[in-house]
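If you read the sequences in order, they're chains A and B. Last residue of the first sequence: 377 in this note's numbering, with the numbers rising by one and none dropped. Last residue of the second sequence: 377 in this note's numbering, with the numbers rising by one and none dropped.
It is possible that some hints are incorrect.
Since copy identity is lost for identical chains, a pair holds within one copy or between any two.
Pairs of lysine to any residue, SDA-like flavour, derived with a Cα cap of 25 Å [to be verified]: (1) K89 / V195; (2) K227 / H338; (3) K288 / D318; (4) K227 / L155; (5) K227 / N114; (6) K288 / L304; (7) K315 / E279; (8) K227 / R117; (9) K119 / S296; (10) K307 / I354; (11) K344 / A82; (12) K307 / D291; (13) K300 / K311; (14) K288 / K311; (15) K175 / S287; (16) K94 / A56.
These are computed hints drawn from the structure, not numbers from a lab.
2 protein chains.
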Amino acid sequence: MSEITGVALDAMGGDYAPAEMVKGAVDAINRSKRVKVFLVGREEAIHGELGKYTYDKDRIRVVNATEVIETAEPPVNAIRRKKDSSIVVGMKLVKSGEADAFVSAGSSGAILVGGQTLVGRIKGIERPPLAPLIPTAKGVSLLIDCGANVDARPSHLVQFARMGSIYMEHVIGVRKPKVAIVNIGAEEEKGNALVKETFPLLKELTDINFTGSIEARDIPYGEADVIVSEAFAGNVILKLYEGLGAVLVSKIKDGMMSSLRSKIGALLVKPALKETLKQFDATEYGGAPLLGLKGLVVKTHGSAKAKEISNSIIQCITFKEQQIYEKIMTCIQTESVSGE
Amino acid sequence: MSEITGVALDAMGGDYAPAEMVKGAVDAINRSKRVKVFLVGREEAIHGELGKYTYDKDRIRVVNATEVIETAEPPVNAIRRKKDSSIVVGMKLVKSGEADAFVSAGSSGAILVGGQTLVGRIKGIERPPLAPLIPTAKGVSLLIDCGANVDARPSHLVQFARMGSIYMEHVIGVRKPKVAIVNIGAEEEKGNALVKETFPLLKELTDINFTGSIEARDIPYGEADVIVSEAFAGNVILKLYEGLGAVLVSKIKDGMMSSLRSKIGALLVKPALKETLKQFDATEYGGAPLLGLKGLVVKTHGSAKAKEISNSIIQCITFKEQQIYEKIMTCIQTESVSGE
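Extracted from the complex, chain A is given alone in its bound form (with noise of 0.2 Å):
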């Protein structure tokens, strides 16, 4: 593995494909010296969207792979026969340590499914999170499961508050990252049956910054840096995000149009709203990386564009720099010597 970071771009995933895909590569490597992609994909349709570019031939290289999983795919069935889809060649390159991270805007099922069986979990890690970094008044937050992992246990949730300080910390540059987990109630005595039971464990580990719980009111203000859920509520909190932001943005915008003089008056705040308005926006921040994995494997939006995938991209240099991989296989490994 060369100090360059390597990473492997699924080029056929999501709905911009190939065409925002292969611009956010190149890019990306516009961007940062410190990475190179490889392009994962049909190669005529990839060569055919390169061709518009310029860009430093050393730092991208296509990889052909003629099959596509679709989205509706049941991505069990679809990892284990589609061996020369993207997502599958893919992940190799990641399996045989020629590339650092996969990055996918494709099937999230399959991504998960391709993860856990092409990539691997890291010795000791149960449940392999997926954890997106969403917007708050603050700054961002990193969200922690939302979605890999429906119906978990309390000691997957204790590997996630871990997972998810040591990602903070060294990725985002967060010192002694606050961590707290989704509950109904302020109080240690509230919550579901889940939550009661992982509570005492979180409040026993030393190597975080356990806060208590948050509610979700509070995780707009960003009271929590990593916040702690299982996947069900995590993927309601980060789909809610998204559906209620597009909502009242575009109620806004019907107000400010619904008379002349605001019309005006909208003319004059666009350029202000527009600023607030991106700190907000999902894109900004790249895709969700599926932590607890042997190497990166990162799903951004089934929706993004070239922005995101260049975001992506470049999260996955600090991702290999800081060592991410290592400090939670150190972590991991730590617990299991205390005996806990």
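Please build the complex by placing chain B on the supplied structure of chain A, with the hints as guidance.
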């Protein structure tokens, strides 16, 4: 019971009691001739506030209750011991038939416990859900359950769906309300164990218009009228709605104040925006009914002011006049007869 709807109002519950409670009560009887209010709490305090208004003295009665249940008190104990609290006395007015409904901005826990033990469940109802209306792009949707029963079973969710459908049809006036279950994907095979077990049961029901799964992203668009959820996820949805809405609006205001140009624009868009944001203001829609009881119990926000209290009281009129209690009872008994 007279034809007029009698509402017992907890004059001591909530952040702004008793002033805003009394103001809300006076406002409600001025808005509708079909309602009378029992103001339950410390009579000197209530009379002190009442003295500020002129109102129809036949339709406001003060009922003395010397104790107050605090939000932090363990609910079961509080209901058992504080027999002369405004919550216990108010609920007993419903139990005895003197009042049709009880409205409180006080301790959620005490209201849930008191509703079940003092007012009592309708025979056949397993768990009474708390069901607030939430604003959407199309109007409002009923979120059922938002926090009364964590770790619910499929049979509970089936009852929530049926009660919610009755409420939306007869109180809110939506014909054949669309009922959906909160899920993390649109397909039937997606979800956690609870959703997977509940889905086929909902599909079998002939008395509701079940439309399948709804992802949290689509809730704000108003894709379903009745949103069925286990209480933990439901509470997360409700609280995130409030928190994210508030943070976005405050960010937008900050953005508008960031330059002279945008400040001038803000003045021009303000009236139009105010109207828009009002549609997304939860206090416009009154409190959340606790359904499935032998009488109506309504929980408002702890921060409720006169407007929300008044709206909550008015809401009780429709509930009584549309005989929601009787309709739920018939529906649940039909279920038992069909041997489901």
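Each hint, compared with the structure:
no.	hint	result
1	K89 / V195	neither (47 Å within a copy, 56 Å between copies)
2	K227 / H338	between (33 Å within a copy, 18 Å between copies)
3	K288 / D318	both (16 Å within a copy, 13 Å between copies)
4	K227 / L155	between (39 Å within a copy, 23 Å between copies)
5	K227 / N114	between (41 Å within a copy, 16 Å between copies)
6	K288 / L304	both (16 Å within a copy, 18 Å between copies)
7	K315 / E279	both (13 Å within a copy, 21 Å between copies)
8	K227 / R117	between (43 Å within a copy, 20 Å between copies)
9	K119 / S296	neither (55 Å within a copy, 55 Å between copies)
10	K307 / I354	neither (34 Å within a copy, 44 Å between copies)
11	K344 / A82	within (20 Å within a copy, 60 Å between copies)
12	K307 / D291	both (13 Å within a copy, 13 Å between copies)
13	K300 / K311	both (16 Å within a copy, 14 Å between copies)
14	K288 / K311	both (15 Å within a copy, 11 Å between copies)
15	K175 / S287	both (23 Å within a copy, 13 Å between copies)
16	K94 / A56	within (18 Å within a copy, 73 Å between copies)
When the structure is compared with the earlier hints, violations turn up for hints 1, 9, 10 and for no others.
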